[in-house]
Amino acid sequence: MRIQSGLPVGVNAAFFDEARRIRALEALLSTRLIEGGFHEVLLPILDYYQPYENLLTSGATESGAAEQLYRFIDRDGQLLALRHDFTPMLARLVAPRISQWQLPVRLFYRGDVVRFQEPRPGRLRESAQLGAEILDAPEASNEQEVLELFVDLLQRSTRSGTGGLQIVLGLANALEPLIAAAPDAAAAAQAVVRRDRTAAAAVSRALLEVVRDGAPSDFAALGHRAGELEGLFEIKERLLQSVSGDDVQVSVDLAEFEASSGTIQGSEHLYYQGLVFRAYRRGSAQPVGNGGRYDGLFKALGAEVSAAGFSIGLDQLLAAQDTGGI
Amino acid sequence: MLRLALPKSRNQESALEALGAAGVDVSTFSNRRLRQCLSIEPLSVSAPGDAGPEIREVEIVSLKDWDLPLYVEYGIADCGFVGTDVLEERGADLLTPLRLRAGRCRMSLISNTVLPPSDGAQIRVCSKYPEWTRRLLAQKPWGAEVFQLWGSVELGPLLELAELAVDIVQTGSTIKEHDLHELEVLAEIAPTLVINRAAFQRQRVALNELMARIERAGLVGA
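Going down the list, the sequences are from chains Z and E. Each residue of the first sequence is one higher than the last, beginning at 19 in the working numbering. Each residue of the second sequence is one higher than the last, beginning at 654 in the working numbering.
Looking at chain E on its own, in the form it has when it is part of the complex (with noise of 0.2 Å):
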């Protein structure tokens, strides 16, 4: 048995396309319930041509973004699908083999002017992700005080607490809407499968055999 943690937030769509495309039978599958058991085609858990055990089911927990890579890192799920946002954000010593093709947006740097800082100026930005973003604007020729926010980040440039945001980006209707300019693209955020490294040498057959499943469905991007 396989247990797979699977996303709540924007990911879930795409990671629920890839479960399909490994074999899952995701029809049956309910955002309600917090775990749930999911058949598969048969993967097998032994070298490929050895008859042996085979597995016909999966295990969904359903989690928070924030939460699933500490649930696979712990070895309480084997593996799942998470945002590299957060992967970034959190750190976490976890195999990443896949990144979704599906799904994927961009973390970039909001202003409510047109125009970036000047070299050397020092300025305010807020971001639901301090860590990443420090780390994403240290090479700037300019300075940064980066304070965490937990809701509406783009507030932060236009109500003036700080001259820039940095967030993620999926169509950019709510930065047009609001009069916002997206200065900059800083990275890509793809979904991303995470595999604990135990469950990998526990389950190298069945996993591969999963990855190569959506793999051929041409789910995958670089």
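Bound-form chain Z, shown alone (with noise of 0.2 Å):
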């Protein structure tokens, strides 16, 4: 049972069978992380607010994801902000002392997250997470390892063949390009997002392509993150051998990771490079997880280091009708 009434509103109280349903996943999938080697890291609800203004504000642009934070002036003055993303705060506390450590360091961490969200069905203002990271040296590649250990923990929470789960792939901010060439790069922008193709094909025949297919059908359309795609389409092949079961089907999606895409969960977008990933369940509006590469939030924080990971949102993996087992 879930309680939301006398409650603000995006936040409720589990009882009975609905508790015991949330801390069985939790410990399913924590037992699935430390058998893999990662161990768990206990991080703060409350922080300060600060690092995460600067870490969170993208360019010139006021960032909506700093907009998420709930911050409060404590009794001594300072600026303080409850945990609205675990990666922010897990990296800005691994980067100062990372050089001392012996990597890959593979962490997880689950808890509760806090962000604004204006009112939209699925949309949580306060959910429960469980996520894991790999720290890396600079040139190592662990992007197959996290993702098929997102799928596989997934997967582990569904009855067998019974879960639809899709996974989408994409590339941080890879159509910059093809928007930046239109004429009016705001509206093209707005095509990717809402799928518009009438809109989208009066830019350019790649970007109905991206809108449509997901992908441009000549990969050069993307400049110089052409390879990137070509190698994106590689990882795709490499994880559809690698999951078991015909449960699972994975895409190939730019304009689902455009930046201004309503469906961005929180500052996700911001720390990103290279892969990102979202996963679907049927019977959820919402999706139930999203990850991806961020060495660039590392390097913002002075530490050169190879960091890719993925969260996994609790509430709206169980929001999901056919979880089972659980």
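I should point out that these hints are in silico values taken from the structure, not numbers from a laboratory.
With the Cβ distance kept under 8 Å, some of the chain Z side facing chain E (calculated, not the full set):
{"#": "1", "residue": "Gly-140"}
{"#": "2", "residue": "Val-186"}
{"#": "3", "residue": "Arg-215"}
{"#": "4", "residue": "Asp-271"}
{"#": "5", "residue": "Glu-274"}
Predicted model, so just to flag it, every value in this text is computed and none were measured. Built from N, CA and C at the ideal position, the CB exists for glycine as well.
Please assemble the complex out of the two chains, which come individually in their own frames, going by the hints.
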């Protein structure tokens, strides 16, 4: 049972079986991560606001991500923020210390994140998450391992053959050259976000293909990111070969990750570079998890490291009707 | 199986025309049934050229326009047709890939005089769409107190409850009938295909083919 009445918008309390399901799902996934050599980190719910204001403000534009933070002034006058995302907090704490650690380091976390969201179907302002990160030497590539682990965890939370899991792969900010070339870049970005075929066709054939099929047929349309797109399709093929069961579909879709997309769940689009991914489950209106590569976040904090990871929304996962065995 | 939401209002005719063009057998559609299954020319669910399962039937759910975006946003229906007026007023995190050519109308400023408000004036405006109206009038050189009416909006200026009304105009006959004046067209309204974001990812091949059929029939406008 979940109780929402009498509570602020976007938060709820779990009782009885619902509470048991959340804890059981968390235990199932945590056990898998511990067996896989991941170490749990316990992060505070309170932190200073200032580090995130710098990390989550992109370029010249005021970021919606920083706006999502719940912040307040402590009794000693310090501006504090509630934990809205584990990854930036983890990065800011790990970056000054990582040169002293033996790599790779595999970390995982679980707990609630709190972020302001417009009241829309399936969106919570406080939600339970579990996530994992692999930090390695700068030249290391752990994307495949991270992706396979992500899919494995989602499959474990599902009765065999009933998951209807859709994994969407993309490249962060890959559409910038296509959008910047449009006469009205803002309108072109909006066409991508809404998948407006007529408006995209008016800009270019490549943009129409992105909106319709997820990627341009001529990879050269992405300019210097063309090679990455080729690599992305290779990642897709490898992932398809590695997953068991026919209930997992994998697609490449650059439009899904357009920065101003309404589906962005938090600040993720600001710190991912290269590979980004997201998962949908049958019965859930919102993505049940997302992740990607975020070396740049560490670089901004002064550490050269290869970083990739993901988070899974436990509330979103349980909202999917067919979560089984939990 | 695709579940498609069909509006009960003025947009139903153009939505049915689009569905017919998409290969749905609309000849058996009944307006009195809240949900019904109709056959469709097979839609592939796998990549073009791959042999795989096909969709041969769609479930149609008939909904009030104002409720339709919520059903699609929650993923109860995969997609549906609704007017841009409802989307503008309600707001919805939905994909809007196509606007239909047929069934278009306009959102207009209606008055009982032929003159627009003078600059700096403060007036009352009634509408069924208060949120959208506030945005549409935000740049006007006069101030407006916007309030919502649920009934006949044209009665507002007619009985001087408000100086202006903002409402949908199809043929303009109601305005003429009551000696009112259409001062300005503020926006065009079009029946629009809306798709749930998660549904698009799960059913991308089938939905793309459905949209391509509607486009090939020449039913899509800018």
